[in-house]
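So the sequences go chain by chain: A, B, C and D.
If you read the first sequence in UniProt numbering, its first letter stands for residue 1, the second for the next number, and so on.
If you read the second sequence in UniProt numbering, its first letter stands for residue 1, the second for the next number, and so on.
If you read the third sequence in UniProt numbering, its first letter stands for residue 1, the second for the next number, and so on.
If you read the fourth sequence in UniProt numbering, its first letter stands for residue 1, the second for the next number, and so on.
By construction, these hints were calculated from the structure, which means they are not laboratory data.
Hints are not guaranteed to be accurate.
No copy labels: a pair is met if it fits in one copy or bridges any two.
[Claimed, not checked] For lysine-lysine, the following PhoX-like pairs were computed, each having C-alpha atoms within a straight-line distance of at most 25 Å:
| no. | residue 1 | residue 2 |
| --- | --- | --- |
| 1 | K303 | K221 |
| 2 | K303 | K224 |
| 3 | K137 | K303 |
| 4 | K114 | K139 |
| 5 | K221 | K137 |
| 6 | K115 | K251 |
| 7 | K221 | K251 |
| 8 | K224 | K36 |
| 9 | K303 | K251 |
Remember, it's a predicted structure, so these values are computed and weren't measured experimentally.
There are 4 protein chains.
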Amino acid sequence: MNVGIVGGTGYGAVELMRFLTNHQAVENIHLYSQSKQGTPISEVYPHLASIIDNPMEELTVEHVAEHIDVLFFATPPAVSHQWVPALLETDVKIIDLSGDFRLSDPAVYEAWYKKTTASEAYLKQAAFGLADVYPEKIKHAQLIANPGCYPTATLLGLLPVIDQDFIDPQSIIVDGKTGVSGAGRSLSQGMHYAEMNENTRAYAIGTHKHTPEIERFLSEKTEKSIYINFTPHVVPMTRGILVTMYVNVTKNVSEAAIRERFISFYQDRTFVRVKPSHSLPETKQVYGSNYCDLHITVDERTKRLIIVSVIDNLVKGASGQAIQNMNLIYDLDETEGLNLSPLYP
Amino acid sequence: MNVGIVGGTGYGAVELMRFLTNHQAVENIHLYSQSKQGTPISEVYPHLASIIDNPMEELTVEHVAEHIDVLFFATPPAVSHQWVPALLETDVKIIDLSGDFRLSDPAVYEAWYKKTTASEAYLKQAAFGLADVYPEKIKHAQLIANPGCYPTATLLGLLPVIDQDFIDPQSIIVDGKTGVSGAGRSLSQGMHYAEMNENTRAYAIGTHKHTPEIERFLSEKTEKSIYINFTPHVVPMTRGILVTMYVNVTKNVSEAAIRERFISFYQDRTFVRVKPSHSLPETKQVYGSNYCDLHITVDERTKRLIIVSVIDNLVKGASGQAIQNMNLIYDLDETEGLNLSPLYP
Amino acid sequence: MNVGIVGGTGYGAVELMRFLTNHQAVENIHLYSQSKQGTPISEVYPHLASIIDNPMEELTVEHVAEHIDVLFFATPPAVSHQWVPALLETDVKIIDLSGDFRLSDPAVYEAWYKKTTASEAYLKQAAFGLADVYPEKIKHAQLIANPGCYPTATLLGLLPVIDQDFIDPQSIIVDGKTGVSGAGRSLSQGMHYAEMNENTRAYAIGTHKHTPEIERFLSEKTEKSIYINFTPHVVPMTRGILVTMYVNVTKNVSEAAIRERFISFYQDRTFVRVKPSHSLPETKQVYGSNYCDLHITVDERTKRLIIVSVIDNLVKGASGQAIQNMNLIYDLDETEGLNLSPLYP
Amino acid sequence: MNVGIVGGTGYGAVELMRFLTNHQAVENIHLYSQSKQGTPISEVYPHLASIIDNPMEELTVEHVAEHIDVLFFATPPAVSHQWVPALLETDVKIIDLSGDFRLSDPAVYEAWYKKTTASEAYLKQAAFGLADVYPEKIKHAQLIANPGCYPTATLLGLLPVIDQDFIDPQSIIVDGKTGVSGAGRSLSQGMHYAEMNENTRAYAIGTHKHTPEIERFLSEKTEKSIYINFTPHVVPMTRGILVTMYVNVTKNVSEAAIRERFISFYQDRTFVRVKPSHSLPETKQVYGSNYCDLHITVDERTKRLIIVSVIDNLVKGASGQAIQNMNLIYDLDETEGLNLSPLYP
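If we strip away everything but chain A, and leave its shape as in the complex, we get (with noise of 0.2 Å):
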């Protein structure tokens, strides 16, 4: 299998390098960049040096059609929308890490990007990624958009529950901690080492871009428009989302029904584990793996449940599970290429 990778300089990019070096059915790697074509990617980064020493290469339509098997975008919003309507005319699959394809109404995703995106058409051809509830419709798609790290995490704790009657599903907040990596490889002064270590803050309280995506794919699965609040906050780690979500519960159930409908919604999907009611989850204990941890409590208290996921943002919030979704489309083993256990300590 050839594959090339689009926006060959970021961390989305050089995560999916990680898992395609360890995977048996890739052969070649092309990398693409507009601004280091020329380059060898182990120039911009060291750590690659002997790994992935190529060149980073121009990207045309036509040099996709003739070389790729499945193309990744890992580039900015707003990019691969450009490209896309081309190369779908090629047999090229296209999975795109950016948000440019996981709306379905190009007017919401300008309301959030403030940028365009493609037309409706186009976006209604895309499946979404998220490969441990969507499987089928990846499989036989040519086009994946694949989930945020933020979506990811929530959707796989709010997807068991939201269309059951015993709760309320606009009564959701979710409140997002990240490790910055999420922020990317561009330079600020909040991302500035001696700024960010001790210190913790909140960002985008009411308009983080995220917001739709989840709040779409819970719309589709009650066939009612969900409103959430979503509050993300940035911690001094590299990796690692945590997301805690609210949920009120409008009738008598035990949390122990609801653990066993989770276990049952996630049966047979290696990624996703359930934790016992003993063992909270941690960031570390999915630290560059494509798991996702899973906790439930009830609080009797207050008849709230509170969902707890923990996901590597770089990995099953992004490149792990574009190589899971490249997975399923060839028909291969899920887990080839991402069969790691989490690093630890």
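Here the structure of chain A is known, so what remains is to put chains B, C and D in place on it, guided by the hints.
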């Protein structure tokens, strides 16, 4: 002024020493420790060498009566309540940093702490030392129950609005993020550097001891029994607490009006800073200082008020507020010994 | 291939499991533990849930003889030497990650470790598992003394030049910086997160156990008794070692010539990367991987050669090199199971 | 006393403000900035809100002459030397935290800084502000060259022995480890949190600007031209420097005798603490404070003296020492405004 500190080897005590050695009115500091009598504190904490080298002493009521004006308890749960009744017979002022006198009902204490405390009569004698809200009561008390770290950050965020008709006081969700020093100096696997570094986790979901302390003062203000959801998390940093509070808004009210209410509520309170809309609080912006920074958002989409509060858990959340309470009792400038800029970066 | 790990609850064992579960030739993994028999490893380390759930077993020579091809000791000092004599009577290959078989003289071991080890006859049977320097000896050994973390980083930096006439082999100063995982999983005040975070310190100045291990192999190569200064430091990170070595240059020699010598010395050694002049090694560039990156500077002002070496202390400095040694013994591709890019960022 | 700070937006300036707002003799603080005139400092640094809110002003010689008693330069290289000649015509005292006046020879400055500074006549007018070694010279100077962070830690460790006959002054190797705040507030990829976290690296091997500053004062004391090896490293923490110094011992001398020499050398120097043998210095033990902790080992095996020195790079290594120099000039208690315990943990 002569001060004594019981529990000399914990972080609370060490932080008291930092402020007391910078305090103009303090002449002598006596350290009491059961386990380390005779040992200079600078052997336990070498950073204090040449600053405080006096040996730790045995605590007796007689010694306190003779030598001490203000006695701080920086002890684990269920210690101070054994000493307080006898000490109240003397003239000493007592500031208890433990939870023993923070709840009004011994049964509630026992239910959450799984230990016993003093009888209700003694609990009623204690003034709750939330210095920026109850200064008048504090000034006239002999016994201060110094608030917990989470309750300080949370109550400073909620008390300005809890009794207002535009919110639902039973809808409150409190999501806390703390640095590890809140867990104290005792060793545990979860606080081992290799396992806490690059790690975030929730703990004590629905069962944290600080829950009834927060509920007590919300209930007193509203004259209703208020129940909250409180979920604490630990993030990889030494100091700092950030609390995110979610409250349902039930009537039309503007964000600006709520912010004005906060500003007016904390008028003349040096250590509480209400932040403008564009400036989100960060734990690092209060690092090592006695400030509490507060921020208000109204999310119009979901009709929720989101309040963010940050403090240094060891200062405003413990020792700094204890010094502020001492200043109030002695009618000193409230900021004496505490008038330090946060340490940044 | 059936492998066994003794000391199943330490970081060395956990890291072995990460690589062994990614290794094509490994069929079964047996974990031996005296203290936790019957407990699944995934209860001690929840990140292993659904990856390795088998219970820990009792170590006996008979069990090993019957079920195990390669046995790893990931035990504290003075454990493995009690088992090895009996195990050498069986066909099992033994890779000892502890220091018990790294020195050739039991008296030297006792002087530095303050414990006793095996007799000289057994010590002589062990091949020193510095895989990138002594592969031939390793291939034919039944017992491997897997090198310490500091000795690995240091010897890989010094062996290419120690016997050259342009340096003074008695002038060597080794200044090491390690992450905290090198201190293992046992709790201590110095490794408590609140006290290790934002902290750097030297330790064991002039007395670190790894000193005689480094001196032994420098002495063997030069056929002189070499003494070095070795000063280790711990810095606030979980993984990684950076060693800075200072050597007096006694004759005219160019930096380029020395670099060429390193490149030629490590020709065909996949896991040793000699860096170009402009690219200084960073511990993060080998994070989680089996690479050792080396850099050479000649300071013309002071006539000193400065060598910088970085490894991941738990991988190349322990478990990764142990797997590499297993591959060498079984004549497998040396990189099998280890062929993973460093984790970045 | 009225003080001014040039370069108001850097970490040096912010740290000056922390101490100056805690200083009894300081009445007004003027901040000068070319780029941010009119902006309140609390907009650049929100942690200063309600502490220092005054807007930054334009620097002119006239304004300084009229309003300022002591002027601090906390500016990048090659700025202060452009202002100092004119300012020396006024009565203002100048404390320059940059390197412009630390070397006595403009050619040496140019060789290491790749920039030009003032002429030799002006350089000679500056007193080197190593407050614990040269207090008398400082008291009578109008212009102070405040030492660099590494030179402070290193010279305090070496000056007590550099001229003694039991060491070889040409054998000195200095291995430095610094937190990232030493690199300042300017953004760079290497200081991006995601890439600096969990990372240690050497930098500027053999070429660091602080080398000639250290060599100058070692040479002056010995009346020989001393050359040293200086290799700085950056470790993942915000504050703190630990310097490890290696010196060949040429005559029999006991560790105890050298320690006594240090104790006597720093008699009555509040901010230098010579540690006992069993207590190794840690950067956290001086965090946020003006202390320098020193430790001495003699390694009998290799005949080397190993000196470890720790400071907070922003305090004793910059702004704290600058305040100490101001106190010396004004004949105030040397500890005024600085009398703060280290922040621990």
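For each hint, the structure was consulted:
1. For a Cα distance limit of 25 Å, the shortest separation of K303 from K221 qualifies both inside one copy, at 23 Å, and across copies, at 23 Å.
2. With identical chains, the CA atoms of K303 and K224 are at most 25 Å apart both within one copy (23 Å) and between copies (18 Å).
3. Taking the closest pair of Cα atoms, K137 and K303 never come within 25 Å of each other, the shortest separation being 36 Å inside a single copy and 35 Å across copies.
4. Taking the shortest Cα distances, K114 and K139 never come within 25 Å of each other, neither inside one copy (32 Å) nor across copies (54 Å).
5. Taking the closest pair of Cα atoms, K221 and K137 come within 25 Å of each other only inside a single copy of the chain (15 Å); across copies the shortest separation is 54 Å, beyond that limit.
6. For the identical chains of this complex, K115 and K251 are neighbours neither inside a copy (42 Å) nor across copies (34 Å), given an alpha-carbon limit of 25 Å.
7. Taking the shortest Cα distances, K221 and K251 sit within 25 Å of each other inside one copy (20 Å), while across copies they are farther apart (30 Å).
8. Taking the closest pair of Cα atoms, K224 and K36 never come within 25 Å of each other, the shortest separation being 46 Å inside a single copy and 51 Å across copies.
9. In this assembly of identical chains, K303 and K251 lie within 25 Å of each other by CA distance both inside one copy and across copies; the values are 9 Å within and 24 Å between.
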